[in-house]
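4 protein chains.
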Amino acid sequence: MSSCWGSQIKLSIFGESHGTAIGGVIDGLPPGVAVDFDAIAFQMKRRAPGQNRWSTQRHEDDSWEVLSGLFEGRTTGTPLAFLIRNKDQKSKAYANLNIVPRPGHADYTAQAHYHGFQDYRGGGHFSGRLTAPLVFAGAIARQILENKGIHVGAHIRSIGPVDDERFDPIKVTADQFEAIAQKNFPVITDESGEQMKEIIEAARMDRDSAGGIIEAAVIGTPSGVGAPIFDALESSIASMLFAVPAVKGVSFGDGFDLAAMRGSQANDAYDKMDDDGRLVTLSNHNGGILGGITNGMPIVLNVVIKPTASISKPQQSVNMQNGEKTELIVKGRHDPCIVPRAVPVIEAAIAFSLLDAYYLYQGLEHV
Amino acid sequence: MSSCWGSQIKLSIFGESHGTAIGGVIDGLPPGVAVDFDAIAFQMKRRAPGQNRWSTQRHEDDSWEVLSGLFEGRTTGTPLAFLIRNKDQKSKAYANLNIVPRPGHADYTAQAHYHGFQDYRGGGHFSGRLTAPLVFAGAIARQILENKGIHVGAHIRSIGPVDDERFDPIKVTADQFEAIAQKNFPVITDESGEQMKEIIEAARMDRDSAGGIIEAAVIGTPSGVGAPIFDALESSIASMLFAVPAVKGVSFGDGFDLAAMRGSQANDAYDKMDDDGRLVTLSNHNGGILGGITNGMPIVLNVVIKPTASISKPQQSVNMQNGEKTELIVKGRHDPCIVPRAVPVIEAAIAFSLLDAYYLYQGLEHV
Amino acid sequence: MSSCWGSQIKLSIFGESHGTAIGGVIDGLPPGVAVDFDAIAFQMKRRAPGQNRWSTQRHEDDSWEVLSGLFEGRTTGTPLAFLIRNKDQKSKAYANLNIVPRPGHADYTAQAHYHGFQDYRGGGHFSGRLTAPLVFAGAIARQILENKGIHVGAHIRSIGPVDDERFDPIKVTADQFEAIAQKNFPVITDESGEQMKEIIEAARMDRDSAGGIIEAAVIGTPSGVGAPIFDALESSIASMLFAVPAVKGVSFGDGFDLAAMRGSQANDAYDKMDDDGRLVTLSNHNGGILGGITNGMPIVLNVVIKPTASISKPQQSVNMQNGEKTELIVKGRHDPCIVPRAVPVIEAAIAFSLLDAYYLYQGLEHV
Amino acid sequence: MSSCWGSQIKLSIFGESHGTAIGGVIDGLPPGVAVDFDAIAFQMKRRAPGQNRWSTQRHEDDSWEVLSGLFEGRTTGTPLAFLIRNKDQKSKAYANLNIVPRPGHADYTAQAHYHGFQDYRGGGHFSGRLTAPLVFAGAIARQILENKGIHVGAHIRSIGPVDDERFDPIKVTADQFEAIAQKNFPVITDESGEQMKEIIEAARMDRDSAGGIIEAAVIGTPSGVGAPIFDALESSIASMLFAVPAVKGVSFGDGFDLAAMRGSQANDAYDKMDDDGRLVTLSNHNGGILGGITNGMPIVLNVVIKPTASISKPQQSVNMQNGEKTELIVKGRHDPCIVPRAVPVIEAAIAFSLLDAYYLYQGLEHV
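Those protein sequences? They're chains C, U, G and W, same order as listed. Under my numbering, the residues of the first sequence are numbered 1 to 367, in order. Under my numbering, the residues of the second sequence are numbered 1001 to 1367, in order. Under my numbering, the residues of the third sequence are numbered 2001 to 2367, in order. Under my numbering, the residues of the fourth sequence are numbered 3001 to 3367, in order.
It is worth saying that the hints were derived from the structure and are not from the lab. Computed from a prediction, not measured in an experiment: that's the story for all the values here. Any given hint might turn out to be false.
[Claimed, not checked] When the alpha-carbon atoms are kept at most 27 Å apart in a straight line, the in silico DSS-like pairs for lysine-lysine are as follows:
hint	chain 1	residue 1	chain 2	residue 2
1	G	K2313	W	K3272
2	U	K1272	C	K313
3	C	K325	U	K1272
4	W	K3272	G	K2325
5	G	K2272	W	K3331
6	C	K272	U	K1331
7	G	K2331	W	K3272
8	G	K2087	C	K87
9	U	K1325	C	K331
10	U	K1325	C	K272
11	U	K1325	C	K171
12	U	K1087	W	K3087
13	G	K2171	W	K3325
14	G	K2087	G	K2331
15	W	K3313	G	K2272
16	C	K325	U	K1171
Please work from the sequences and hints to get the whole structure.
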């Protein structure tokens, strides 16, 4: 099974790339939230393809329809279901994915799991298109978080060998998030962005693709959100992030760099108690989470996105019906680099999982 | 909440470092499994402290008692509960952790989450000691997996700047796992191990600590295990791994290195169909998982363990009662490097989460 | 939260009576099931209103649209989402349900739970219309069960003081289920049915309503389905049945009559072992379930449906805005007796919950 | 699987009647609750056997040990694990339950489900002894509820043909609950109690057993607790109640009597708004729950307990090994009527499930 995530708020996602529709159901939203549809449209557009050279030319208008859970512009508290119809499918381009699987894609593993009954067209349920419902749900989650002063942002940290500047893990601001989100190519330093585009363009010219790293941050979270052991905030966020196709690694704070540090470097010394009684640290190598629970410092995390599996360069594959080796040239439209469009998806995944943890924290009674 | 993990088999973990006992409940085990207690004892001993210079001198004999779910040496299929009594606590050493929190540890975040009612002694429920029940549960999961020809292994990939050899992501074997598990210091190349020990010893001499990376692998998994989106195998495994204290990053296959690769490099070309009708790839950059589902190649993953937060070097902290800055010297016994003892913990986490996914796959009916 | 039920197969239900659409998502269906749409239409029609005097004159064509999870007429194994658009709403009739609540209905409790943000029109998410998605999901579950030789049936056991014949708890057959399902008024003995209709008609003439009891049975279940304690089959089935509006009691086997029996009467003596190695009992006072697990005899259960809360007789209520007592005359169209239309709903609830337990049983590995 | 129940607070139960220990884990308790151990002991004693003629002579001192989750007399908020060791087992009396199953008991269905690997001694995991952990957990839940002014009570409504007085569904009080709980034989009218004891004694003399009905009520619940559809409060409470061995029916309010009522009788007219802004009804036929959500009136429900399956009268059974018919005389100690001891168990089940729903309600954010 695959469709349901969450404890205090739940998200179900359904659909196949070339089926009738994709969509989702969000359950557990608080009643009375005035939903800002423009804000949803803004996030959906950030993810939408077809906007420039480095994304697929498939046109998805991604116009959605809310089926339930909204009344007079506000959430009712009952399940909010929504759908996005599929329109611009070109199934022929994907006609034989159930016979000759694309390397790096889920064609073969889906065949193995579903015994050949999966809708293989365009990757079916495994298509990156299924991240649209996640962005939709995340857009609502962000509105609720923002009302609490909690903001989520992300940028492209690297494409191939080109690095962007990093977020300051102490001083990163909501304004910075907003400025990046407004950009067509979401980086901190536009010069780095230009170099990244060159990397992507070079890959595209070679009928190849490029990967990258997205750095994300959350500010405004109170201390105390999360839980020990299996409900560690890192566990929740990571389980949601690895649901996003192409994500192959997730790390918090200084992540894999912590391996080479000593405790005296990695430990974030406490500096003072702020006016809200919250302890402030001098550094933030732990990314705002200790023991699975927020300490109130910015949450900082990194996600690696592998290069798009669909490339039109000839590749070696095997015919699943007769076992014969064959050369495969993937047709259809696809992004030479999915990373720019993945930025709002990563933000959405973080926002939804954080809101779930936030509600657990908020509901916790104490004497 | 924190105690319960799993879908087809569930694991609950309870206990505090200096409370009466720690333990767990495993539900959903198949009836009739002949449990090999020696194999459990072997895994428990790999994790146990006090065995050498680089681990805490606290003596835990970690002798366990099974309370239920076993009858005549076999699982009954009903919940298997077990406990490990706490014996060698020295609570005084930790007396004021609810007043002056240790940097890098969960003392402050636990205080924020539980409003000061947590058992703070020795880190309480957040102590690394809580990984003992996980190793116990994982040891049973491994036995079941091994009966299916599935083997889990891991080694220290790096400590500080020193690297061990890597697993061959195609040819890694169960014998190799077994050879490493028998070692007191679990590395592939003992020379690297000796250098790592020097790094650890140097940290210890400086009253400091060291971190590292653990590389793990699983062989023998059929293709088809896992699920798309929220039940992606990476999601399950990662959510379990981030439950382990000190884990700050998890990646699959080539992980963060995929950011600098092109699709034509990262895609694992299909080479042939083997005798079981399974496709074999030429490379394994994706770590045996595509679209959240195994392709039958070895699962390969990496986990970063931050340097032990408890160091006896003086550190700056803040008194949570009065907000005053204070110097903290952490007393008590602690490992200068937790990585060697974390190896069997990581293996256990992987084994348990994989078995859960395996049962979902096995139970899947098809026409 | 309210929308999600199940362990091995999950059902989400969404929608409001006068909103855009109602529908559901079924996750965990096995891949490859050839869905019989005529069989779904048949069940949907049994529940549909407007077919005769004793049901509401609201016309619902209940035509549905499958959005995902089906490919070339078969289930894919991924989430199957479907919707039913709302068409014939007359919201004005329900205009002030958020001000003056109908006695016996959820208007007031919904207001209390959702703080006034619920979609109150026509009962909103609490409307009996929400049972349509359940019938849809149940219709698919029944097809899968029938392929295994498991059949679910039900009839009206009583309306007011009039009783129908009872199922023979040992010899009840699938043919009998089929014969009843074909009837416009689902009873065993049509004479009783005629008397029941008179009771209903008399209630209708008095602008009042009638309640009743539905007896249901399942045949063909193997022994071993269910689980002890919290996953007792009675727990699963009852939790699903109490989700159906107007259900106020559920009992298995001889139910409340067991209170007056002695153990020697209530115990079902074992008579023989059949050719499949299954024990057969002489009687079936326990309704085919012992210790939460099926024994292979027919599952027999009873469900009480309270009289329709919506009656057009004047009733006393209180204005929720100013606390003043007021006389309420419920407008709108409603059934004088919901019991006949509830029969396929009860069957659907049983089918879905039984299939969930069946998959748990089927997936159970043993040595 | 069987061991885990709950959404906001979770209860795991483990153990077998003749194994090492039984016990449970409660997760999600709020931190800081001062646990009243005397109150727990009082509830445990109400359930304990061996106190009089109508209960089994097996001596269980049921002394428990708390393993975790408590610190300085208060809950920490982390999982609270507890165990009760088994002491007075006489396994020989049950020696062949895996060969010749007792009619009315789970011996055969356990064999079918667990393929013969269950611990069959004394009913194993299916034993009524497993209700002790439920009473323990319920005793803590009641303390928390009582701090909120919510009280749970129950009495024996009938044994065989003898009825006790009923609770007044409007005016029932906490004092009444308390008075009944203090009684050795928990009825409202002691005269009825004496007649019931005669029924039980007569059954015992005949080496037979008697069943009965327990009526329970909850007062002080605010309006708004519960949820529509699958999380209906009736669904939660019923799923927990059917987990109790011997429960075969659960009904709310007037239950099965509603079948013979008209809507105008069954609907509870609203009478006034009280000082807390809560609507008060004139009658309470719906047992305080409408649409799955409390309306603030007393919750009233009935539970039928079948006659004890273990009787020493000779019964016909079948040998599961060779299929031969055989006469069975159940040895061992058992209650001629379990109903009196079941009263605190039913109360505990209601308290725990209600607290879970209460926390969901309390945590619900609204604008």
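For each hint, the structure was consulted:
1. As the CA atoms of G:K2313 and W:K3272 are separated by approximately 20 Å, the hinted pair is consistent with the 27 Å bound.
2. Annotation: proposed proximity of U:K1272 to C:K313 holds, straight-line Cα distance about 20 Å (limit 27 Å).
3. For the given pair, C:K325 sits about 6 Å from U:K1272 by alpha-carbon distance, which is consistent with the 27 Å threshold.
4. With a C-alpha separation of about 6 Å, the suggested pair W:K3272 and G:K2325 falls inside the 27 Å cut-off, and the hint holds.
5. Restraint check for G:K2272 and W:K3331: the C-alpha separation of about 22 Å stays at or below 27 Å, so the hint holds.
6. Straight-line distance between C-alpha atoms of C:K272 and U:K1331 comes to about 22 Å, which keeps the hinted pair within the 27 Å bound.
7. Restraint check for G:K2331 and W:K3272: the C-alpha separation of about 22 Å stays at or below 27 Å, so the hint holds.
8. A C-alpha spacing of about 24 Å is found between G:K2087 and C:K87, which places the hinted pair at or below 27 Å, so the restraint holds.
9. Using a Cα cut-off of 27 Å, the hinted pair U:K1325 and C:K331 is violated, with the two alpha carbons roughly 63 Å apart.
10. Under the criterion of a C-alpha separation no larger than 27 Å, the hint pairing U:K1325 with C:K272 is consistent with the structure, at around 6 Å.
11. Annotation: proposed proximity of U:K1325 to C:K171 holds, straight-line Cα distance about 21 Å (limit 27 Å).
12. Distance restraint check for U:K1087 and W:K3087: the Cα-Cα separation of roughly 25 Å lies within the 27 Å cut-off, and the hinted pair is therefore satisfied.
13. Restraint check: the Cα-Cα separation between G:K2171 and W:K3325 comes to about 21 Å, which is no more than 27 Å; the hinted pair holds.
14. Distance check on the hinted pair: G:K2087 and G:K2331 sit about 19 Å apart at the alpha-carbon level, within 27 Å; holds.
15. Pair hint W:K3313 plus G:K2272 holds up; C-alpha atoms about 20 Å apart against a cutoff of 27 Å.
16. Taking the CA atoms of C:K325 and U:K1171, the gap is near 21 Å; set against the 27 Å cutoff, the hint holds.
Checked against the numbered hints above, the structure breaks only hint 9 and satisfies the rest.
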